[in-house]
Amino acid sequence: MTPERAANRPMEHPTQDGKKLPVEPVDRVTIRFAGDSGDGMQLAGTQFTDTTALLGNDLATFPDYPAEIRAPAGTLAGVSAFQISFSSYDIHTPGDQPSVLVAMNPAALKVNLPDLEEGGILLVDADTFTQGNLSKAGYAKNPLTDGSLAGYRVIQVPITRLTTNAVTEVSGGGSMAAQSRNLFSLGIMYWLFDRDPIHTIRWIEGKFKNNPDLVAVNRAALQAGYNYAATAEIFTSHYSIKKAATPPGTYRKISGNEATALGIITAGKLTGLPLFYGAYPITPASDILHALAPLKNYGVLTFQAEDEIAAITACVGASFGGALAVCATAGPGLALKGEGIGLAVMVELPVIIAMIQRSGPSTGMPTKSEQSDLLMALYGRNGEAPAAVVAPSTPGDCFWTMIEAGRIATTYMTPTFFLSDGYLGNGVEPWAIPSLEELPDIRVTHRSDPEGYTPYVRDPRTLARPWAIPGTPGLEHRIGGLEKNDITGTVSYDPTNHQRMVDLRAQKIARIADSLPPSQVDGDSQGGDLLVVGWGSTYGAITSAVERARSEGRSVSHLHLRHLNPLPRDVGEILGRFDKVLVPELNTGQLRMLLRANYLVDAKGLNKVTGRPFMIREVYRGIISALEGTR
Amino acid sequence: MSGKGAHSEGEVLTKADFITDQVVRWCPGCGDYSILAQVQKVLPTLGIPKEKIVFISGIGCSSRFPYYVNTYGFHTIHGRAPAVATGLKVANPELCVWVVTGDGDGLSIGGNHLIHVMRRNLDINILLFNNGVYGLTKGQYSPTSEFGKVTKSSPAGTIESPVNPTSIAIAAEASFVARTADVDPRHLAWTLEQAAAHKGTSFVEILQNCIIFNDKTHDPFLARSVRHDRVLYLEEGKPMLFGSEHPRGIATEGFAPKIVEANSSGMLVHEPGLQNPSQAYMLSQLTYPEFPVPLGVFRRVARPTYEELAHGQVDEAIHRAGGPGDLGQLIKGKSSWTVT
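As you go down the protein sequences, you meet chains A and B in turn.
Just so you know, my numbering puts 304 at position 302 of the first sequence, and the rest follows in order with no gaps.
Just so you know, my numbering puts 616 at position 297 of the second sequence, and the rest follows in order with no gaps.
Don't read these hints as lab results, they were simulated from the structure.
Treat the numbers as computed from the prediction; the structure is a model and nothing was measured.
Don't take each hint at face value.
To be verified - Listed below are several chain B residues computed to face chain A (Cβ distance under 10 Å; list not exhaustive): (1) SER382; (2) VAL388; (3) VAL403; (4) ILE434; (5) ALA636; (6) GLY644.
As the list claims (entries may be wrong) - In silico DSS-like pairs for lysine-lysine, Cα to Cα no more than 30 Å straight-line: (7) LYS209(A) to LYS651(B); (8) LYS360(B) to LYS557(B); (9) LYS653(B) to LYS245(A); (10) LYS653(B) to LYS209(A); (11) LYS653(B) to LYS211(A); (12) LYS244(A) to LYS653(B); (13) LYS211(A) to LYS651(B); (14) LYS651(B) to LYS244(A); (15) LYS651(B) to LYS245(A).
The beta carbon of each residue, even a glycine, is placed where N, CA and C say it ideally should be.
Construct the complete structure from the given sequences, taking the supplied hints into account.
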């Protein structure tokens, strides 16, 4: 038995045809659906996720797909996978290792088998293990027969043939079978983990409502898989996972990019500003544009720019016009936006730059995740050009952190970075739906009073300049990228003025820290042996690893930074309460460098740049070796 | 007067209202002074309150322009003025937006944005000062410098063919394309009025003299003594005639233009409103000394503006949904569950 077994005894549970197979309660299962990029693995995984979310399990997902839309079929390069971990308790990651692997062809098996738990369940489409497919996947011998899979519970099912049979019955021809093999496999998984396929059936009926043939074909494939699992005795039992003990409330499932898009619209409503979203398509940020573009009835103006530079500069123009201007991009796009963001720094206009980070440098690995653009967000511009930087820590937190970005940008009149990444953006989790009353009040009013107005007169508390927008009588003024004279905003080459303006721009960003709540340390806030400091998407893995170490009685605590520029005022003092500091990051040590530079603390790094998120055990091992390492 | 934002009632503005307290810092004798003077003369005639007028520029000598016009202004970064203007105009379609750019700013570093703003047909006015050289960086060749031109960066002569700004505007589907010159203030003012009146992107190439780095570059056809023989003033609905003492006209043979005696058969009549851009493009390609250089409106066609369409889609979506979207419903999503 590989899924984490609950303490309870197996119980009897009738199947559809009245047969009794035991239902074993388990606490946590991690399934990976893997196949060719044309096999519909993301769809199967997403459907399983939707059904599981509605059942009330906690869950986290990790879609992992190639950048090629369709790499050559059957090759290792074309393998696409979707991992979901679901449980009866609170979890923070999509699981280190799958306990169940669905492999739709030999290439999917080859790529994903190394991750499968020892003794794990391996479901394969036996029909695809042909000589041709085996050699495309680089198998000299058929792994289904050469004994190499002895360590797993291998379930061989002729999925292609059975799907064809099922589809032929309803459509009179099996030509559509190839596209519904994923649903047959999904049906098997639904039975194995005791979930009703009804949610997916309804989805099929909605999706293909104009094509009854496709409804019939897909429903037949799904039900055939479900019934096959129930009757063919390929499994000796199936499993149930109790609802997670989540706090009362209304929940939905949400991906990081969905939450980001919702956060953008919400920030627009909360500030009371018209929303302008300007973007150039780029993986993995395009989903935000796709999410916002259809929401025109919320007043969203989306602009697909001709390039990354036009996207940011159109945002600057929209911000000049009084809109809440937001763009999203990834590393290569940010590299192009640098000058435009520098202009926003100089003219002190709010713009939100959502960075959905991916592996670099250059084009890198577009669909793989990394945290390697932190320093570019902080410093990737000419001149002394400080900007605010925040980072969400979970998919749902993307919503809240985007609102925080909106608050900072408009309160302090500054470009503000929001550092998500591909793992966070595409990952899905259940999310407690907030009521509108819990949302912060960040309403903005544009300057309209000509009395005492000059373009660079500053608010004494925030140091922000007034936001006076074209169309306002009496406030006509000129701004631009040339250095400004303090207060009047006219062009100035005066040496002492430049010194003062550089200092003022830095002080303005530093003052954001005055508005931040005290930092939250998970663990021993008074101090201890080790503090693990993270930011962004590593939250789940660090939290789980720290929980595990603490459950073993180790003195380990966790500080997760949402604000990276400015850093909260108490960070230095918190670091000082711990003997050691460990900074896990999916880069080569960017936050670590900032902490060392800012606080002269001997922070150690735990770094990985494989394009994949941290596993819990990697962070756990890092914690153990940090604790045991010499000072 | 249509387009370009709301009209004020009552308030009478004069040229003085559009002059700022900033000292104008172009070189003495620069063609930009003439352009600034005509812009400041035309603006009060548009019937638009000055708080609704915005000048946006990129980088270069021409791009200092916003500092000298007492409206809202934004001196942005090199080449990006059309993109900044796009964001501004979409955010507030009520504004009357002018982009001031040059041959380097608009056609070299910012060529991409210039093309896209024109094809989208934002209702803005683009003034491209074409002096055939980089002035602010002190004398390198520009994308409109003639082949073989000797400059600081091309001591052996350029080996690049120039681009023709008016041709590019026509090819990029600008709905209004005109050319005028700094040395002909009356024609310049008239052209600015035409541009302002047009709803959609108005592109105006202004042939302008750089007295320091490219002096007299347009003189072979623009000098007062020769202008009437070497410039073809385009007038809507009128035959394409030029030449004061010896009037001649333009006709075509196949697709190629040719010069014919005045009033001979086949002489073209100027029709800037033709949907087909072929004739406008052919005219834009007439260059001295083979042909007279046309000044005037090459193309003027009606097309919906980008901001109208963008806001139209928003209004339509709100109308179809029976009102603005409900934020609470959006956050809740399509499927949710409750834990008690």
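If you draw a straight line from the CA of LYS211(A) to the CA of LYS651(B), is it 30 Å or shorter? Holds: LYS211(A) and LYS651(B) sit about 24 Å apart, inside 30 Å.
Evaluation of the interface hint that places SER382(B) against chain A, nearest CB under 10 Å: Given a least distance of 9 Å, the restraint on SER382(B) holds.
Under 10 Å, Cβ to Cβ, is where GLY644(B) needs to be relative to chain A, so tell me if that hint holds or is violated. holds (4 Å)
Given ALA636(B) was flagged as interface, is its beta-carbon under 10 Å from a beta-carbon of chain A? Result: holds, 4 Å to nearest chain A Cβ.
Let's test the interface hint: is any C-beta of chain A closer than 10 Å to that of VAL388(B)? Holds: closest Cβ of chain A sits about 8 Å from VAL388(B), inside 10 Å.
Hinted pair, alpha-carbon criterion (30 Å max): LYS653(B), LYS209(A). Please report holds or violated. Holds, at about 14 Å.
Mind checking the alpha carbons of LYS651(B) and LYS245(A) for me, to see if they're no more than 30 Å apart? Judged against 30 Å, a Cα distance of about 20 Å means the pair holds.
Can the hint on VAL403(B) be confirmed by a CB-to-CB distance to chain A that is less than 10 Å? holds (4 Å)
Would you mind confirming whether the straight-line C-alpha gap from LYS653(B) to LYS211(A) stays at or under 30 Å? holds (18 Å)
Given the hinted pair LYS653(B) and LYS245(A), is their Cα-Cα distance within 30 Å? Holds, at roughly 21 Å.
Quick one, are LYS209(A) and LYS651(B) close enough, alpha carbons at most 30 Å? Holds, at about 21 Å.
Has the given pair, LYS360(B) with LYS557(B), been kept, meaning a C-alpha gap of at most 30 Å? holds (28 Å)
Every hint from the earlier list agrees with this structure, and none is contradicted.
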